[in-house]
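So you can see what is in the structure, the chains are spelled out below.
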Amino acid sequence: MDVHSNPHQVKRLLRVLDALNGFELVIFGFGSLSIALEIQAVIKNNCRVKKIEVIDFDVSGLEHIGEFEAMLREKADKGKEYRVFNILGMQRHVKIGQASLFLNQLNLLRDRLANDFPYAFFFWLPESLVHRFALDAPDLWAWRNTVLVFEDEEKSMEPESIPFQRLEKEHYEEFNLKEKQSQINYLHDAVKTLMNKSRTLKRDKKLAGFYSDLGRLYHSLGNFSTSLENYQKTLGIQGTLGDQTGIASTYNDVGMLYQKFGKPEEALQYYKKSLEISQALGNKASVATAYRYMGRTYLSLTNFNYREALAIFEQSLKIFREIGDRLNESSIIGDISQLYYLNGDYATAKKYLEEDLSMWQGTGEQNVQGQILSNLGTIAMGERKFEEAKQYFQEALKIKKESNNLYSQAPTIHQLGNVAFEERNWEDAKLHYREALKIFQEFNDRNSQANTYGQLGIVALAETNYASSLAYFVMALEIFSEYNAENYIKIIIYNLSRLLSQPGWDAAGAIEALETGEETKKVLRLILEEIKRRATDEH
Amino acid sequence: MNANYGPMDFWQVKKEGSLKFNEALKPGDRRYVDLTEARGENVFNRLLKPLGFDKGFTPRLIDEHENHYILFCGHRGCGKSTELNRIAEKLHRPDGYFVVQCNIVEDLDINNIDYVDILFLAAQKIAEKLDSIDVSINKQHLDDLRGYFKERIINQINKKELAMTIEAGLTSKIGFDFIGSMFAKLTTAIKTGSTYKEEVRMLVKNQFSMFKTIFNRMLDEIKQMLREKNMGKSLLVIIDGTDRLTREDCDKIFINHASQLTQLETNFIYTVPIHLVYETIQTKTFYEAPFVLPNVIIEKIKKGEKTIGWDAMKDLIYRRIHPDLFDNENTVNYIIEMSGGHIRELIHILQEAFNSSDMEKFDEKSVKVGIERLKADYMRLLSSEDYKRLVKLEKEKDKESDDIMKNLLFNSVVLEYNDYYREINPIVKETEEFRKYMNMKENGRTF
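Which chain is which? The protein sequence lines are A and B, in order.
If you read the first sequence in the working numbering, its first letter stands for residue 1, the second for the next number, and so on.
If you read the second sequence in the working numbering, its first letter stands for residue 540, the second for the next number, and so on.
Derived by calculation from the structure, the hints in this document are not laboratory data.
Do not rely on the hints blindly, as some may be mistaken.
Far from chain B, by Cβ distances over 10 Å, these chain A residues were calculated [claimed, not checked]: (1) R12; (2) R15; (3) V16; (4) D18; (5) G22; (6) G66; (7) L88; (8) R321; (9) E322; (10) G362.
Computed list of lysine to aspartate or glutamate pairs in EDC-like fashion (alpha-carbon distance at most 16 Å, straight line) [as the list claims (entries may be wrong)]: (11) B:K678 with B:D716; (12) B:K554 with A:D18; (13) B:K936 with B:D958; (14) A:K522 with A:E512; (15) B:K619 with A:D139; (16) B:K945 with B:D790; (17) A:K401 with A:E365; (18) A:K351 with A:D335; (19) A:K11 with B:D790; (20) A:K11 with B:D897; (21) B:K853 with B:D863; (22) B:K559 with A:D116; (23) B:K791 with B:E818; (24) A:K197 with A:E266.
The structure displayed is predicted, hence computed values, not measured ones.
Yeah, the Cβ is synthetic: ideal placement off N, Cα and C, and Gly gets one too.
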């Protein structure tokens, strides 16, 4: 029966922690020091989230139980919040073949503490000595709340062997479509293999990791529901493992998923939950990350509060600076700069980036420099300084090409297309857009593809190449609809109405000739009817 | 809808202390169930008769001049302290006893207890209780007592500072306030200073007959006064917590010093660990036959016929947990069956089920998982010798109380019911190990 497996014991431990109330007595048996430390970490993290103080109490040096009681009471006098006492070093008092005086005395202490010491006592002993509680402290044993025994997993678990090839890359964005699919196949096989093994903490942790990877991969493939399903499985396992750090990180993942699929309100809910846990755990990097995601989500809200978003980014920036995480610091500076840019303050936006760039020059961090240059180009675009923008983008692209990072080149190439577009250089614009599109397709970045399709549609419209413009807009519209990207959908529909109201071409015929689903055609017909109706009204 | 039902919310069950067994319940607590009949017919008879009460707790014939020393035992967690609270309440009446309760765990140094400490504590509690209801005492007895302590104890103590501490503040006290304070100071001295402790104890022990005479004179005076003021026919002191002592300390106090404990001329009930019941040779000279609080009889000796005990246990469960929180009545019946009528075991099962429940309900699955857990605890505890002894009990229904059996009783592996009827704890009976040993015997194989 599964009842005694470590994951099952952790689940019971979490229930015990959830229900702590007044005087509690739990006896912990551990198979090895490493498992004891692991479980103690689970206790500490979960108690932190619940705002329960955990106090480690080493009794190995104590001779008399009176000392122990006095020290306990001294600790308990400070503050009133609930606390858990981890009583460690018990094994020093247990000698083989000899009754333990200390345990014997504890027996009687229980009665006194039970009356006026409304806290939890977790006694830790090697598994092989747990029975000594029953023998030497029969009274304490008889009044135990429960016994939790954790087996050593190092011995019990055979070396992990999953006979499939796994691709190791830092970010899934760096995988192209084929690689992503092969990685997904690997993960599904690995999950299947693990499911057939007996439950251990190690197995469950691995399983959670695999589900989380699957969630991210399906996310990057644009499959919302399968991604969410995998994240939910991850959360389920992390919940039974009491893995608060993992839960916080998965909440961020789920938030990003909702964010990408046009549900910023839901995304914010998840980031907030993640933030709360990370704050309780005192995990600064995770707090800063959650802030950063929240800030980015604020930017995508229809009527975002500029000051609120800035405050959140600054919180995040402060923490990243504190812990010396330069890469994330730079990334936040990019976000702040973008915020000023969106607010029309190009000068401040630029200042942030230029300062940041000077910090990175000569460091060999080419990816970062390329990104900053690209952002500077975007600002120059906003200022309508196209020649300057072009220079930034070209420089950025040069660096990115040097660092051999194909995927990161695509957005810059797209931006070069934008510059050519603004200069009404249709041929160059088309060349750049098509080049970017090829990369986006290779990496299955569907959102960016849609964006580029939209631009190609606008170019075609400008060239009065109406049929091909319509085809591009429809492709963009279909992808954006998948992601519920409302703002982008609005832009495409606006451009579609411009296209459909062009005189001198058979818009209705073009719609019918499209190779697309009936649903899309219906939408297009509706737009067309609306245009005609308005035209008649104006007459 | 029964107003006495426990919480209907899963988490509230834990919050409201329904899974707690640390505290002895006071009469009036919602969780309290009268188990008198459920423990067996006339269960308290043997306790009440010597004290002159009938089984309905009505005083019939209280012999003012006879003193009784009663050992009160039972399994850990079978409800001793809860029942003692109730007994104290029922016996404390003008036509019954003036009852004084003490708990050594709360007031003494639990690591090192001597019979002298218990006597001091008893004296302190008697005096404090009398003082609290403003009763006075004959000045002559008071002066005798004061003189005794001044001369024989305080002046004899070598450690000056201790003598001063004890004496300080006593001069202004009068009557029972004085006696209470004095014994309280002695108790504190014994409790805190391990170096003084032995000295004070030795002083009393070396002149025990003198201490006893003066103390008994005071007790006599008190009893007389209680009768005059219509506050009780006699005095009864209940000492709780002594059942927590180690076997060693317990034997030292209740067997080696039985004669001193029984020289004090009033009525005493001491709680003791269950093993003392089997030391009859040593105890019967001094004490009444020990009173054993039996477990609730949930089944009449294997006849399968449900008894009043079953309903009482069900009542006990529902007063802690609302019936709606169980998936069905079979689960409740299963819990009762597996508890063997042992209250703490019953609550253990509920606790483990609470910890294991997936559905926030006490359902069949969670109870089974919980019992699986408890089995592991017992298996950890039992040796092959123990299993063999259990098989013998199961096959032969013997009543021998050898050392192994005493330990099995001590640890609730074997449960005892009314009239010393014994049964193996149902959870132990379910373990694979026990079954293995049973089958070995059946196959005629030797261990």
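| request: May I ask which of the numbered hints given earlier this structure violates, with the numbers listed in increasing order? | output: As far as the earlier hints go, 1, 2, 3, 4, 5, 6, 19 and 24 are violated by this structure, in ascending order.
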